[in-house]
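**Student:** Got two chains here, each in a separate frame; can you build the complex from them with the hints?
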Amino acid sequence: MKHIISVLVNNQAGVLSRVSGLFSRRGFNIDSLAVGTTNIPEISRMTIVVDGDDNIVDQVQKQLSKLIDVIKVVRLDAENSVSRELALIKVRADTSVRSEIMQIAEVFRANIVDISKDTLTIEISGSSKKAEAMYEMLRPFGILEDARTGLLSLERGAKTILDD
Amino acid sequence: MKLSGSDIVIECLKEQKVDTIFGFPGGAVLNIYDSLYRRGEGINHILTTHEQGAAHAADGYARASGKTGVCMATSGPGATNLVTGIATAYMDSVPVVAITGQVHSSLIGKDSFQEVDITGVTMPITKHNFLVKDVDKLADTIRMAFQIASTGRPGPVLIDICKDVTINKTEFKPAGEKSRLNLKIKNSFTEEDLDKAADAVQKAERPVILSGGGTIIAGVTDILVELSAKIKAPISTTLMGTGSVPYDYPLYMGLLGMHGTRVSNRAVSECDLLITVGARFSDRVISDMRRFAPKAKIMHIDADPAEINKNITVHYPFSGNIEQVLKGILKRVKPIEDSLWAKSVISWKKEYGNNNIDKCRLTPKLIIEKISEMTNSEAVITTEVGQNQIWAAQYYRFKRPRQYISSGGLGTMGYGTGAAIGAQIALPDKKVINIAGDGSFRMNCNELATAVHYRLPIIIAVMNNGTLGMVRQWQTLFYEKRYSQTTLDRGPDFVKLADAYGAVGIRVEKPEQVQPALEKALSSDDRPVVIDFIIDIDEMVLPIVPPGKGIDELIYD
Numbered sequence: 221m222k223h224i225i226s227v228l229v230n231n232q233a234g235v236l237s238r239v240s241g242l243f244s245r246r247g248f249n250i251d252s253l254a255v256g257t258t259n260i261p262e263i264s265r266m267t268i269v270v271d272g273d274d275n276i277v278d279q280v281q282k283q284l285s286k287l288i289d290v291i292k293v294v295r296l297d298a299e300n301s302v303s304r305e306l307a308l309i310k311v312r313a314d315t316s317v318r319s320e321i322m323q324i325a326e327v328f329r330a331n332i333v334d335i336s337k338d339t340l341t342i343e344i345s346g347s348s349k350k351a352e353a354m355y356e357m358l359r360p361f362g363i364l365e366d367a368r369t370g371l372l373s374l375e376r377g378a379k380t381i382l383d384d
Numbered sequence: 187m188k189l190s191g192s193d194i195v196i197e198c199l200k201e202q203k204v205d206t207i208f209g210f211p212g213g214a215v216l217n218i219y220d221s222l223y224r225r226g227e228g229i230n231h232i233l234t235t236h237e238q239g240a241a242h243a244a245d246g247y248a249r250a251s252g253k254t255g256v257c258m259a260t261s262g263p264g265a266t267n268l269v270t271g272i273a274t275a276y277m278d279s280v281p282v283v284a285i286t287g288q289v290h291s292s293l294i295g296k297d298s299f300q301e302v303d304i305t306g307v308t309m310p311i312t313k314h315n316f317l318v319k320d321v322d323k324l325a326d327t328i329r330m331a332f333q334i335a336s337t338g339r340p341g342p343v344l345i346d347i348c349k350d351v352t353i354n355k356t357e358f359k360p361a362g363e364k365s366r367l368n369l370k371i372k373n374s375f376t377e378e379d380l381d382k383a384a385d386a387v388q389k390a391e392r393p394v395i396l397s398g399g400g401t402i403i404a405g406v407t408d409i410l411v412e413l414s415a416k417i418k419a420p421i422s423t424t425l426m427g428t429g430s431v432p433y434d435y436p437l438y439m440g441l442l443g444m445h446g447t448r449v450s451n452r453a454v455s456e457c458d459l460l461i462t463v464g465a466r467f468s469d470r471v472i473s474d475m476r477r478f479a480p481k482a483k484i485m486h487i488d489a490d491p492a493e494i495n496k497n498i499t500v501h502y503p504f505s506g507n508i509e510q511v512l513k514g515i516l517k518r519v520k521p522i523e524d525s526l527w528a529k530s531v532i533s534w535k536k537e538y539g540n541n542n543i544d545k546c547r548l549t550p551k552l553i554i555e556k557i558s559e560m561t562n563s564e565a566v567i568t569t570e571v572g573q574n575q576i577w578a579a580q581y582y583r584f585k586r587p588r589q590y591i592s593s594g595g596l597g598t599m600g601y602g603t604g605a606a607i608g609a610q611i612a613l614p615d616k617k618v619i620n621i622a623g624d625g626s627f628r629m630n631c632n633e634l635a636t637a638v639h640y641r642l643p644i645i646i647a648v649m650n651n652g653t654l655g656m657v658r659q660w661q662t663l664f665y666e667k668r669y670s671q672t673t674l675d676r677g678p679d680f681v682k683l684a685d686a687y688g689a690v691g692i693r694v695e696k697p698e699q700v701q702p703a704l705e706k707a708l709s710s711d712d713r714p715v716v717i718d719f720i721i722d723i724d725e726m727v728l729p730i731v732p733p734g735k736g737i738d739e740l741i742y743d
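Just so you know, the sequences run in chain order A and B.
Using the working numbering, read the first sequence as starting at 221 and increasing by one per residue.
Using the working numbering, read the second sequence as starting at 187 and increasing by one per residue.
By construction, these hints were calculated from the structure, which means they are not laboratory data.
The reader is advised that the hints may include incorrect statements.
Said to hold, decoys possible - Pairs of lysine-lysine, DSS-like flavour, derived with a Cα cap of 25 Å:
no., chain 1, residue 1, chain 2, residue 2
1, A, 286, B, 253
2, A, 286, B, 323
3, A, 282, B, 483
4, B, 323, A, 292
5, B, 323, B, 359
6, B, 370, A, 292
7, B, 355, B, 188
8, A, 282, B, 372
9, B, 416, B, 585
10, B, 513, B, 372
11, A, 286, B, 496
12, B, 496, A, 282
13, B, 370, A, 286
14, B, 372, A, 292
15, A, 282, B, 370
16, A, 292, A, 282
In isolation and in its complexed conformation, chain B is listed as follows (with noise of 0.2 Å):
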């Protein structure tokens, strides 16, 4: 059957089962719309409001929900637009798909009508990408771009495709079952590693788990709270595992590193094997290197080769299969029964946990604490960056992975408008809540016309304190509290905003406020609920390992 490349990439979406797409059309993109438009069925098209909303929606759809999420925009400032979210997701190893119109192949390189050279400017931030030039290459390239963008490390990939490619027709075949590439990655380890590894874990006194967003990729969260529970080794996560292990678990310690509690931070400090999974010691999670665990042997488990040894020497290095080895490991070992090492943990968790929450002032402890407690801890929370993601890591009592969905690498500031959207389509029936400061809500605060259009309940709870936190407090701890540029005493007014763009706006000053409004916000099933929590300018999160410092020499209140 001849088709029409454009009529191919529809095809071979629905090849590989896409039901959603998030995009924006344009002049390179509209052979692909108007396939869509009529050959389209059983793919939803969520129109944004700018582009890098949909990347972001994309990329929430998929952290979301585990499956590759895909977004379009035609050729230019429809490609550029999507940057900061490919960028995001291959910070965070996200797998997204983004099809992008190039301008018809003889005009390339004469600086066409809205050309750019996409594939040049994503190069170093995707995982592989792809100009297409030619229809009969087409369907085998958006085949092998979900491929890649899924397999081992997953991350974005991006599709170039010239307007004459969709215009041009070809032979349609379907996929076969054959893939040109073969994207395993080796098991770096033998049998004898794992006998070693585990006689490591067994011979341990102190051992600690660092459970990083590559366990809730590979799916092994479970198997790594068994092993935990298995040898009394208590866990730390980084912020990309927030969720990997439950908040209520008695071994979790919460976050490491630079934002990292204080016994997480003692602990690792102290502990003399470091069984680190899918993680890949950021520099905000090692702080000083030198200072960064210094008594232990480092284990570390990895689908990404290229992680071992990159930023810390590892003694016990895995790459491959992340499954692989923690169940080689798991069977091996015995039982510990009893654990002094585990118990000084516990005591230290109680005797460094502040449960005296201050009730009389609206604080994000409170806020937060509130929320958790009003979805059963069961909401999907999105995030924005600086303050309101690290306050939504340590508050809300995440359950299970996928439950929290922050930009960790990248840091961008305006993702989580975009990714609670993307989330909601991807699981309708959650509740999903987007934690935000008022610095990163303005951003992106445009896609609540497209929240509000497709009915998606969202709540975007602005912790609004009416400066860029983060940069505040940095400036407060470290600058002298000259306050440069992160005052923003000028709104708009997010109540009078929401209600603007069709959705419900609710403030709260007071701590008394936050149940009623939280309530009527949950009961939203149709509307997007923005509420705007007033909290201090000051409100800081601690603890902070200072710029330079060891994880063991942080500030706390």
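Isolated chain A (complex conformation) (with noise of 0.2 Å):
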């Protein structure tokens, strides 16, 4: 069962591997992990997607909080938050199919984002589920190289993480 966890974190030098050293140490599973500043600068954001069983989220919420350096840690319910995840895709195209891989793109709503004689580069944002179906239409035209941001994800509504 995969589960999102928001964590509010001090900005700070080895916060990163703090966490990340939590995980490997007591043995929990990271499916991804994306971080980056706020709107506030000396706190920063981890989205953490996590595969265990209620315990173990539990397990994982708990051992977060004591970290000194983590403000705040809140599980997120799938069904009542918006998630997103970018991934940008290099595809084989030449002239040849590059007008069937453009047009997949619209499908998709993604945006090509570089070009050149042989390739496009794709981007594409949304849920994991549909940067999966993309993945799934461009591997036929032959994936050069790929990279994913893990997964991103808000509540729902008024309510932030900071509410209690």
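**Tutor:** Here it is as structure tokens:
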């Protein structure tokens, strides 16, 4: 079972290794981890997707809360939050298939962000499922390389992570 | 007032009322040691033989006194030598602040001489750690370190200070009232939860209390015994809880778990409510989880919310202030006058008790009971790890908390001598005895030099069986007597060793020599004494729960 955990941390050197170290030390599985600064410069936000049962996620949450640099840990309900990930996919695309690929991109509302004689680089954002579907469609053409961000999530509605 | 970083370190230590530092100097901490020399009045620096000894001594000081222990070392190997001591303190939730020097901030990451990423190394074994690269942040960092180490569930905190930070000057402002950190743990429970818990306690037919090291840290051992007496609940302790219940308390059952007493393990296997306080259900306590307290609802009261439901499923969870929970329950329950359960536990205790000492043989039981008797059970006992540690917990009649000092979680052989030094410095008026094994004592016996120099009259009672006894015991029981690499038939002669260090060495080979040897040792007031008790190689710690078995399936003699 996958769970989304949002963590506010002090934007400080070593915080990422404290968090990732805790996961490996305690044997928790990270599916994905995305991190970046927030609109408050001293605070970073991590979105971690954890694979495990309720007990494990409960432990993850409690152990994370004990880290001095962790400000807040919240479990997001997938139903009640918006989640996005971004992927950049470089696909083999000579003139014979270029327009076909561009059509696929259009269906997915993906952007072509780079083009060369033999390749296209496509940017797609959306749910993990959507990204997966895009990968499926592009695989036959030959994916040369790709990069994904991991999931980002925010709760729907007016409530924020800082509310109690 | 402008001060250098190294002066600020000393001033901050004074601010924290640090009276003792255990340490060892070196290049990266030269300036700090210079400041200590110039302005360290009121701070007693104990120079150990090895940084590991300093870390264990700071830990022993903290466990004996309840205050935060401080150790210091230089960068690189100095810092890595602290690591085992820091991990030991971490596993047993001991407040220790370790200060290490680091290379000049401009040399970090360049594999400079004596450079090691000690904050990286100690990340999983500290409650928190800091690398200080800016002198302006130094004072507050030290203040935070002490606050973190001692608040909530205590633990070690490491402060790594770059050498240039110790040189650079900044305005030093004494600590204000307010700290930057809010470390208060919220109570997880409500008044209704306490009502429910009290109701469960009141209705339990066969309640048992399990007391762990957390009761000692929280200072709630008296309340716990009061609760036990009020509801007639027998008490077991974990190894870390040793001393939290007086040995002579009628409902005290002794250790629980792998080396639990027969009465403890039986009572827990049959109880219908297990009230666990300040313990974390370690594998050494529960063994086979499915067979642990199978008839019981579990009530778990702990300072650390993460311990709840970590190793075992809890029915009545309480995290936060242990004292409030216990007082809340105590207030709500009515005294139970007559308990069949308590009576049967007392009768099992009598039935299983083995009081016939074999007086013709020099056994650990005979030795430790004699030590207990001759010290009026008032001594502070440190131990090494292995059989000596369990024998000490089994046979010394502890009266109070902080009297049994042992590496429970990490199981660090070589812990005891340093810990005894720390305990003796913390409690100069107490008799401190390290109950050791020959294997463990050899690991850090170099600290005898420290004890001799500072005239510490600690006694090292070596249970010398010429083997790594606990491992041999497993080889005997579970490995068909294949004694792979456990026989220590190679000295040294501990009496001569003691003599070489300037300590007193005594050898005891027969039961009748125990008393005079102890009399001599206990009369020493300014020299450490090593007593080399020669015991049989096949002495065992019993009972023992074999690996993978339930706690009710123990082997006893």
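**Student:** Hint by hint, note whether the structure agrees.
**Tutor:** Hint by hint, here is what the structure shows:
1. 286(A) with 253(B): 22 Å, holds
2. 286(A) with 323(B): OK: residue 286(A) and residue 323(B) at ~23 Å, within 25 Å.
3. 282(A) with 483(B): The given pair, whose Cα atoms are some 23 Å apart, holds under the 25 Å limit.
4. 323(B) with 292(A): Holds: residue 323(B) and residue 292(A) sit about 24 Å apart, inside 25 Å.
5. 323(B) with 359(B): Between residue 323(B) and residue 359(B) the Cα gap is close to 11 Å, so the pair holds against 25 Å.
6. 370(B) with 292(A): At roughly 14 Å apart (the allowed maximum being 25 Å), residue 292(A) and residue 370(B) satisfy the hint.
7. 355(B) with 188(B): Distance of about 6 Å is within 25 Å: holds.
8. 282(A) with 372(B): Holds. Residue 282(A) to residue 372(B) sits at ~12 Å (cutoff 25 Å).
9. 416(B) with 585(B): Holds, because 20 Å separates the two Cα atoms, which is no more than 25 Å.
10. 513(B) with 372(B): At roughly 17 Å apart (the allowed maximum being 25 Å), residue 372(B) and residue 513(B) satisfy the hint.
11. 286(A) with 496(B): 14 Å, holds
12. 496(B) with 282(A): Since the Cα atoms of residue 496(B) and residue 282(A) sit roughly 10 Å apart, the hinted pair holds (cutoff 25 Å).
13. 370(B) with 286(A): Holds, because 11 Å separates the two Cα atoms, which is no more than 25 Å.
14. 372(B) with 292(A): Given pair residue 372(B), residue 292(A) holds - Cα atoms ~14 Å apart, limit 25 Å.
15. 282(A) with 370(B): 15 Å, holds
16. 292(A) with 282(A): 11 Å, holds
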